[in-house]
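Take the sequence shown: its position 225, counting from 1, is numbered 225 in UniProt numbering, and each next residue is one higher.
FYI, nobody ran anything at the bench for these hints, they're computed from the structure.
Nothing here was measured: the structure is a model prediction, and the numbers come from that model.
Treat the hints with care, since some could be wrong.
What the hints assert, rightly or not - Per label pair, the in silico range of CB-to-CB distance:
hint	residue 1	residue 2	range
1	91	8	22 to 32 Å
2	156	192	45 to 55 Å
3	194	9	53 to 63 Å
4	232	179	21 to 31 Å
5	8	140	20 to 30 Å
6	42	214	29 to 39 Å
7	180	222	20 to 30 Å
8	123	13	22 to 32 Å
C-beta atoms are modelled at their ideal positions from N, C-alpha and C, and glycine is treated no differently.
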Amino acid sequence: MAQQSPVPGVDRGRLVGLAFRMLGTVADAEDAVQEAFVRWYRLDDAAREAVARPAGWFATTTSRVCLDVLKSASRRHDLYVGPWLPEPVPDERYSLRPAAEDDPGEHAVRSDSVSMALLTVMESMTPSERVAFVLRDVFAFPVADVADVLDRSPGAVRQLASSARARVRDEGRPLGVPSRALTAAFQHAAVTGDVSALVRLLHPDVTLRSDGGGLARAALRPVRGADKVARFVIGVLARQDPTTLVVDRGGDHPVLTFDRDGATNGVVELVARAGTVHEVLVQWNPEKLRLWRQT
1 MAQQSPVPGV DRGRLVGLAF RMLGTVADAE DAVQEAFVRW YRLDDAAREA VARPAGWFAT
61 TTSRVCLDVL KSASRRHDLY VGPWLPEPVP DERYSLRPAA EDDPGEHAVR SDSVSMALLT
121 VMESMTPSER VAFVLRDVFA FPVADVADVL DRSPGAVRQL ASSARARVRD EGRPLGVPSR
181 ALTAAFQHAA VTGDVSALVR LLHPDVTLRS DGGGLARAAL RPVRGADKVA RFVIGVLARQ
241 DPTTLVVDRG GDHPVLTFDR DGATNGVVEL VARAGTVHEV LVQWNPEKLR LWRQT
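All chains should be built: construct the whole structure from the sequences, respecting the hints.
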């Protein structure tokens, strides 16, 4: 759980939520926020007193730290073992609670913005696109503030946000999180070993990706096709018995967890369209499951 902010008016949890959407893991997000606090305390008293809105200063500084981290993307991709997937979160601590008057489309983007699916799409964005997308589309920052973070003109910021949205649209996002009924049907077919029933829930071209980070056993390459994905999931349960698959909640959408002896050792997120599963994302890396072991 993120610590309370020692600076009045600054919501540390909100900063971590912002950084998490930019970087994809809680540890990286907390490091970015901590760096912002370090920079704050490096200011002299006069400089701190001159800051009219500390919350705005921290949001800008945290975003700049994240931008620098994103520009050094090789930090996690070049040496990473197997596919890299973002970290799933077990509750709404990093979610935003949109105001009642929010546009339904904006609500959908904000609600989906902590899902592994959308965070994975964000990995395809340039660093500047991702920062612009998070600040504009998720946190509704004014264009001028985003321009200050990116050191770009307002027109350039609008173009970056537009191109980021295009990447999301090109991926068919938001696909819409699967219904609890679809998630429950997937779970039932998997735990009963019913390959045919599971195949019926999957798109013929479904893809499964799993992230073990070299610390847990995972498929090093994507598994493609309904029959292969169904047999892979059922095979995991058979090989790891007494591990079971449980319907749970991640952020504000249903997920599945691989549980054994009361501990979660894997999180599954289904990506659906029109009631059919198009992607299966499995997080096995224990470093990205620490929050699940605290709940």
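Hint check results:
1. 91 / 8: 22 to 32 Å: 26 Å, holds
2. 156 / 192: 45 to 55 Å: Between residue 156 and residue 192, where Cβ atoms are some 54 Å apart, the hint holds.
3. 194 / 9: 53 to 63 Å: Roughly 55 Å apart at Cβ, these two residues keep to the hinted range, so it holds.
4. 232 / 179: 21 to 31 Å: Holds, at about 23 Å.
5. 8 / 140: 20 to 30 Å: 23 Å, holds
6. 42 / 214: 29 to 39 Å: 36 Å, holds
7. 180 / 222: 20 to 30 Å: 26 Å, holds
8. 123 / 13: 22 to 32 Å: 24 Å, holds
The structure fails none of the hints (numbered hints given earlier).
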